[in-house]
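There are 2 protein chains.
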Amino acid sequence: MPETKDEERSSRRTFMALTAAIGGLAACESGTEAPVAGGPRHLGSTISPYSERSKYETTTRFMPATKTPEQASSRTPLQELQGIITPSGLHFERHHAGIPDIDPVNHELLVHGLVDRPTIFTMDDLKRLPSVSVVRFVECSGNGGSEWTAPGSTTAQLAHGLASCSEWTGVPLRVVLEELGVQPEGRWIYAEGADACLMARSVPIEKAMDDALLAYAQNGDALRPAQGYPLRLLLPGYEGNTNVKWLHVIKVTDQPMMTRDETSKYTDLLPDGKARQFTFDLDAKSLITSPSGGQKIADLGFVEIRGLAWSGRGLIERVEVSVDGGETWADAELEGPLHPKAFTRFRLPWHWDGSTAVLLSRATDETGYLQPTVDQLIEARGKNSNYHNNSQKSWTIAADGSVSNA
Amino acid sequence: MPETKDEERSSRRTFMALTAAIGGLAACESGTEAPVAGGPRHLGSTISPYSERSKYETTTRFMPATKTPEQASSRTPLQELQGIITPSGLHFERHHAGIPDIDPVNHELLVHGLVDRPTIFTMDDLKRLPSVSVVRFVECSGNGGSEWTAPGSTTAQLAHGLASCSEWTGVPLRVVLEELGVQPEGRWIYAEGADACLMARSVPIEKAMDDALLAYAQNGDALRPAQGYPLRLLLPGYEGNTNVKWLHVIKVTDQPMMTRDETSKYTDLLPDGKARQFTFDLDAKSLITSPSGGQKIADLGFVEIRGLAWSGRGLIERVEVSVDGGETWADAELEGPLHPKAFTRFRLPWHWDGSTAVLLSRATDETGYLQPTVDQLIEARGKNSNYHNNSQKSWTIAADGSVSNA
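One line per chain: the protein sequences are A and B, in this order.
Here the first sequence stands for residues 1 to 406, where the numbers follow the working numbering.
Here the second sequence stands for residues 1 to 406, where the numbers follow the working numbering.
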């Protein structure tokens with residue numbers, strides 16, 4: 001089995017494995033003056049107000065073929081990304097009526113309903129209030145839906161790319177609600193977006209008073225329009241749809257408003273014909289991003305198995321990796337500092353000997369919850385709904401090193 | 001003095017202050033059905049492969065007027081950013097011969113000199129090796145140079161915008177050097193970039209074997225060309241110039257190579273005519289980003305003082321803020337989890353009563369080092385060199401709320 005501890009990773013044994021990995025490299029004669037590696041020798045381009053990506057970087061979000069690209073989703077290329085931050089331009093999208101074009105000078109947030117002092121906030125008003133910055137994931141509850149009964153997607157992006165992670169900044173909703181005075185009968189909030197369909201969800205007041213955020217910045221900068229510019233509701237650990245973008249109304253109510261997206265959509269139909277409703281929390285999940293479907297291991301020898309784990313219920317406590325289809329497991333290294341309800345990067349050194357192999361991972365979060373197998377998930381919830389698929393994901397490695405979703 | 005503890009921030013006293021801050025807002029009649037706030041009502045734009053910023057977001061890097069924009073610098077708009085992550089497109093630049101256009105397929109890193117097995121690595125080779133992701137700042141040692149003797153820059157961006165912070169991913173240089181076998185007489189490395197001037201620096205072997213990184217990713221995505229695409233040397237806490245971009249050669253040597261940028265540049269001339277050389281470490285520093293020069297406090301009442309602190313020697317342990325020009329100090333709240341050698345966001349609630357005020361901050365790092373006043377810095381190092389200005393920065397607030405660098 002692979003080594004897992006820091007001290008072992010830096011031992012000669014690991015280096016022997018690395019030697020194998022880079023055994024095919026261009027080694028120079030020791031002692032000779034090696035030629036300087038290539039590179040341009042003419043004056044380069046100039047400083048600029050804003051840098052774009054290299055023209056050689058062509059990895060983008062995946063857009064499914066659709067006749068309704070305003071009511072559609074795009075997926076983050078998780079297998080191409082490093083660390084835990086998703087670039088804002090590559091954060092997954094799920095829009096129900098397209099991306100509105102909002103001038104922040106004219107944008108207002110109305111907070112009303114069962115509060116003592118209903119109030120309209122401008123963006124300047126909100127930015128003046130106490131703020132926090134947190135690293136948190138957002139995941140569509142439909143993420144992995146295509147994997148529910150049979151693995152059909154070829155890559156990590158296609159299978160589980162409706163999840164991303166950013167540093168978000170905004171005003172704790174609690175600060176605003178406490179300031180305006182929530183009345184005793186106020187048990188829910190209704191949050192509505194300013195897109196054409198007025199996408200809206202109901203959220204328990206306990207969540208609103210816990211870690212809900214009126215977020216106006218993402219990864220240092222203002223939100224991108226596709227992420228709700230100039231204001232979105234961030235509900236850490238809750239299913240993505242509740243993180244209402246282009247937020248313009250919050251109403252404190254005594255009951256949920258039974259909006260379209262919490263009745264006909266985003267409910268989980270069980271085998272007995274009943275449906276689970278308001279299944280907000282996203283349970284612990286993990287995904288090996290490298291090697292993953294569509295990639296190929298170049299050579300025998302050292303391979304660093306890399307992946308992401310996250311839980312809507314707090315910190316990731318443990319990620320185990322199997323290279324034999326779940327027969328045996330090894331603890332992966334978790335990269336700190338850890339953030340609750342955020343992507344957690346895990347890594348495990350592995351020596352690939354050229355055999356076929358089945359890789360998979362399973363996460364445990366701080367509540368002690370262990371990510372289930374897909375069979376366990378189907379046993380508990382049936383096959384009527386494809387929301388909330390957090391089951392273990394496997395990748396199959398063929399003898400030629402190619403990786404597939406088998 | 002302002003309140004500083006969490007429990008006090010959420011007390012009614014703080015909310016009373018907030019009430020004052022939002023006293024001028026549009027309050028609705030309690031109990032009435034308030035009108036829905038404005039917003040577009042037509043179908044928005046579609047999903048896309050990659051999101052850009054909103055057209056209403058015009059904050060960019062500052063570019064000084066220059067006839068040599070290939071040999072120049074641009075500055076990060078620190079006063080407009082939130083959290084600790086600098087968007088890759090807004091990371092400051094300092095180029096000596098422009099930005100080379102490098103196809104990563106053709107890019108190679110030669111590691112030679114006093115190693116047992118000189119080797120050429122392709123980018124694919126490097127990406128296969130063990131990796132780490134770390135949040136770290138990069139700062140030009142010339143940052144704040146204009147503030148050395150007299151505050152001349154009107155904004156935080158102009159005064160101290162040659163500093164940025166990202167999540168970087170790459171291969172620990174130690175892994176490569178241990179694999180290739182550093183010979184006993186190897187005491188330094190020479191790192192060279194593939195830009196037209198072959199910008200190069202010498203670095204002690206101890207740093208190379210400590211936390212030096214062969215970085216290929218920034219904030220999840222590949223490096224931007226302006227940050228060294230496809231490979232840069234990251235030397236956490238060392239002056240920015242040593243973090244060689246477009247890295248293509250590392251040579252292990254027995255002594256420093258005395259390159260241009262460690263002899264005629266990036267040395268600190270002292271009053272006695274001697275110069276400090278190889279002053280790599282960036283000492284603890286802090287900067288209030290809001291309210292800061294060029295901004296204006298809108299109203300009397302609640303103001304959240306926000307800023308950034310960082311140290312090249314490890315964690316920030318404490319940030320103190322003064323609103324009376326340094327007479328008295330209050331501890332700001334540091335936002336965790338903390339990263340060593342990274343931006344640390346600090347915040348302090350304040351009630352502005354309309355008086356003129358002088359704001360400043362001072363950071364203490366985990367070594368116990370306290371950020372000096374500019375007078376202390378000049379007393380120690382004179383006025384011949386304007387590198388390494390980490391002195392306390394003040395902003396003056398006038399009775400009309402306008403903030404200046406006085």
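Simulated from the structure, these hints should not be mistaken for laboratory data.
All values derive from a computational prediction rather than experimental measurement.
Hints may contain errors.
Which copy? The list can't say, so a pair holds if one copy fits it or any two copies do.
What the hints assert, rightly or not - Dumping the calculated EDC-like pairs for lysine to aspartate or glutamate here, alpha-carbon to alpha-carbon at most 16 Å:
no., residue 1, residue 2
1, Lys67, Asp324
2, Lys296, Asp124
3, Lys383, Glu147
4, Lys127, Glu304
5, Lys55, Glu333
6, Lys383, Asp268
7, Lys127, Asp299
8, Lys55, Glu185
9, Lys265, Asp116
10, Lys55, Asp324
11, Lys274, Glu178
12, Lys127, Asp400
13, Lys296, Asp400
14, Lys67, Glu57
15, Lys207, Glu52
16, Lys55, Glu317
17, Lys55, Asp101
18, Lys55, Asp103
Each hint tested on the structure:
1. In this assembly of identical chains, the alpha carbons of Lys67 and Asp324 never lie at most 16 Å apart, being 42 Å within a copy and 62 Å across copies at closest.
2. Taking the shortest Cα distances, Lys296 and Asp124 sit within 16 Å of each other only across copies (12 Å), while inside one copy they are farther apart (50 Å).
3. In this assembly of identical chains, Lys383 and Glu147 lie within 16 Å of each other by CA distance solely inside one copy; the values are 11 Å within and 66 Å between copies.
4. Taking the shortest Cα distances, Lys127 and Glu304 sit within 16 Å of each other only across copies (9 Å), while inside one copy they are farther apart (43 Å).
5. Taking the shortest Cα distances, Lys55 and Glu333 never come within 16 Å of each other, neither inside one copy (34 Å) nor across copies (41 Å).
6. Only within a single protomer do Lys383 and Asp268 lie at most 16 Å apart by alpha-carbon distance; the minimum there is 10 Å, versus 70 Å between protomers.
7. For the identical chains of this complex, Lys127 and Asp299 are inter-copy neighbours only, at 13 Å across copies versus 52 Å inside a copy, given an alpha-carbon limit of 16 Å.
8. Neither within a single protomer nor between protomers do Lys55 and Glu185 lie at most 16 Å apart by alpha-carbon distance, with minima of 56 Å and 42 Å respectively.
9. Taking the closest pair of Cα atoms, Lys265 and Asp116 never come within 16 Å of each other, the shortest separation being 33 Å inside a single copy and 63 Å across copies.
10. Taking the closest pair of Cα atoms, Lys55 and Asp324 never come within 16 Å of each other, the shortest separation being 39 Å inside a single copy and 50 Å across copies.
11. For a Cα distance limit of 16 Å, the shortest separation of Lys274 from Glu178 qualifies neither inside one copy, at 37 Å, nor across copies, at 61 Å.
12. Neither within a single protomer nor between protomers do Lys127 and Asp400 lie at most 16 Å apart by alpha-carbon distance, with minima of 55 Å and 20 Å respectively.
13. For the homomeric pair Lys296 and Asp400, the shortest alpha-carbon distance inside one copy (8 Å) is at most 16 Å, but the shortest distance between copies (64 Å) is not.
14. In this homomeric assembly, Lys67 and Glu57 never come within 16 Å of each other (Cα to Cα): the closest approach is 27 Å inside a single copy and 30 Å across copies.
15. Taking the shortest alpha-carbon separations for Lys207 and Glu52, neither the intra-copy value of 38 Å nor the inter-copy value of 31 Å comes in at or below 16 Å.
16. In this homomeric assembly, Lys55 and Glu317 never come within 16 Å of each other (Cα to Cα): the closest approach is 39 Å inside a single copy and 41 Å across copies.
17. Proximity of Lys55 to Asp101 under the C-alpha cut-off of 16 Å is restricted to the inter-copy arrangement: shortest distance 9 Å between copies versus 27 Å within a copy.
18. Proximity of Lys55 to Asp103 under the C-alpha cut-off of 16 Å is restricted to the inter-copy arrangement: shortest distance 9 Å between copies versus 30 Å within a copy.
Violated hints for the displayed structure, listed by number in ascending order: 1, 5, 8, 9, 10, 11, 12, 14, 15, 16.
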